[in-house]
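Sequence order for the protein chains is P and B.
Here the first sequence is numbered in the numbering used here, starting from 1 and rising by one per residue.
Here the second sequence is numbered in the numbering used here, starting from 1 and rising by one per residue.
These are computed hints drawn from the structure, not numbers from a lab.
Every value quoted in this text rests on a predicted model; they were computed, and no experiment measured them.
There could be a bad hint or two in this list.
Stated by the list, open to error - Here are some, though not all, of the chain P residues that point toward chain B, as calculated from beta-carbon distances under 10 Å:
#	residue
1	Val19
2	Ile139
3	Leu141
4	Leu157
5	Val251
6	Leu270
7	Lys302
8	Ile308
Every residue gets a Cβ at the ideal spot worked out from N, C-alpha and C, and that includes glycine.
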Amino acid sequence: MGVVALLHILQRAASLFLVFVGLAVLIFVIARIVPGDPARIALGPLASADQVAEMRQEMGLDDPFFVQLWTYLSGLAQGDLGKSLLSSRPVMDDIMGALPATLELVLFTIVLQIVISIPLGVLAAVYRDSWIDNITRVISLIGVVTPGFVLAIILQLLASYYFTSLPVTGRLDPGLDFVRGPTGMLLIDSALQGRWDVFADALRHLFLPSIALAAAGIGQVMRITRSSMIEISSRDFIESARAYGIPERVVTLRYMLRIASTAPLTILGLEFASLIGNAFVVEFVFGWPGIASYGVRTILQKDLNAVIGVVLVSGVFFVFANLIIDILLGVLDPRQRLRARR
Amino acid sequence: MSAPDMELSAGRGMTSRQMAWYRFSKNPAAMIGAFIVLSVVVGAIFAPWLAPSPESAGNLVNFRDRHGAPTWEHLMGTDNVGRDIFSRVLYGYRVSLGLVVGVLGIAVPFGVVLGLTAGYFGGWTETIIMRFTDVMLAIPPLAMALAITAVLSPNLINAMIAITMLWWTWHTRLIYRIVKGQMNEDYVEAARVAGASHFHIMFRELLPNCISAISVKISLDAGFVILFGAALSFLGLGVQPPTPDLGTMVSTGSEYLPEYWWEALMPGLAILYAILGFNLLGDGLRDMMDVET
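So here's chain P without its partners, still in its complex pose:
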């Protein structure tokens, strides 16, 4: 990669930073303008007026709005999200504790989406209008219109009747004795420690939640892969590659798929927001101890700092995912870099 590419990435990173600051301010403003006294909510209805006043002082709620905003933002810059009212621990610690579970689920889901949907999309494009194409069309429609939680429940139901060896809650069989390693992601930690029994069990636990989470994206990515493969198949450079006598398999996989894969990648990036949103319901159904479960719990308890933290962290997730995808796009299709510079 040359200087141009690097500049492009830096430029994108800078604009994403602005988006991130905007996000932080926006969430803070929303959390402050809503009715209800955070101190009163924290202490519950039984607290006396003096206690509430003291709590307001402690939380800095009596300061002018911009002072509060500044305190909040400068804390944020140091990775301080405030204290959770629920667990009375720093929100950052709570989130960091729950993050690996979500990361593992989301990353595994994305791998699943790519591994399933791109080959199926290519197949659908190659065997256009055949029964293969029609089947993938139906699969993708079902994936797109089925709400995550409905699919999750259908999967649980199937598992309890037909696939009884698949666990429907949690990340690991509680009977297994395992000390987590550096990443907190069970698949990686267990592989590092050579505990393949744990690896297999973690994989079994991951299976249903990740399918429930992957379905919507699989449908979309498959259709996009198909249509962009079809569009590219009629371009001049593909025709000339064929005319040179390059085998069809090489033309399809090496020439077409490389360019065509930019469209599904873009969709994966955009889908990421709804993936995180869906993670909230899917983690809830499968009792997955991740950041979304934590989010739902704190939301129900009106734990404001924690709620802001969770929304902010999921926003950061989204922004980063799109930055990475942007970089990948530039690598896969050089025209993207030039277009962005113009």
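Given the coordinates of chain P, work out where chain B should sit on it, guided by the hints.
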């Protein structure tokens, strides 16, 4: 005769409206979508007359019939207190469609006006509006909606507010893109030269060119608003009992899995049915009017 030929011969002597309807009616998926949407809307509007047991919509308790499997009398079975699930689904559609009308009724005009403004004026106006839109789009919608409903205390109106606050961004983006593309067209220039006001160019010249894209988007949106509302109430942050809501019904029913599977599955499939209908309809409209969304 191939499809385009047929279209050509059928197209003779037809107005463009007839032509569009012809294309729509020859698309089986679109017709199925239209049928599903119609059945949902009719079911919701006429729920008090169509429901076999209208009293099931409320707090009826009939323990003798609880956990009843689907029969001819109770098409979708009965729930944990013996209420007819099919009747509750019909009433649930009322809530879902109400949510759709409420959210899109506010979010679409708001988003469209902002998109028109940004695309038409350009410059600083464009930068401010579109950057703000980017920020809003960077928030995972469900997470944000959850946060808003939680802070505002969960009920139908607040769920509606939360979803509305996020929904306008997609329309702003769509309209902005269309308007940007239209700004160099001759008719805009002609209107400007003729001395038309900004207001006239935006709403009388540019807006009509966005209408077909907006209507396709609305149809596709409707399904997702239903999904959103259902997900919120599934998590206990939307519509509160005893109002019959599909998401709440799935959530309550899931406590009785796997024995009484119909209690969660039937309302779940009802949600799926409605979303499927709006999606097929939206796709059909898109093919018919040949627009990008």
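How the hints compare with the structure:
1. Val19: holds, 5 Å
2. Ile139: violated, 14 Å
3. Leu141: With Cβ-Cβ at 7 Å, under 10 Å, it holds.
4. Leu157: The hint holds - Leu157(P) has a Cβ within 10 Å of chain B, the shortest such distance being about 5 Å.
5. Val251: Hint violated; Val251(P) Cβ to chain B Cβ min 28 Å, cut 10 Å.
6. Leu270: holds, 9 Å
7. Lys302: holds, 6 Å
8. Ile308: holds, 8 Å
In terms of the numbered hints stated before, the structure departs from hints 2 and 5, listed from lowest to highest.
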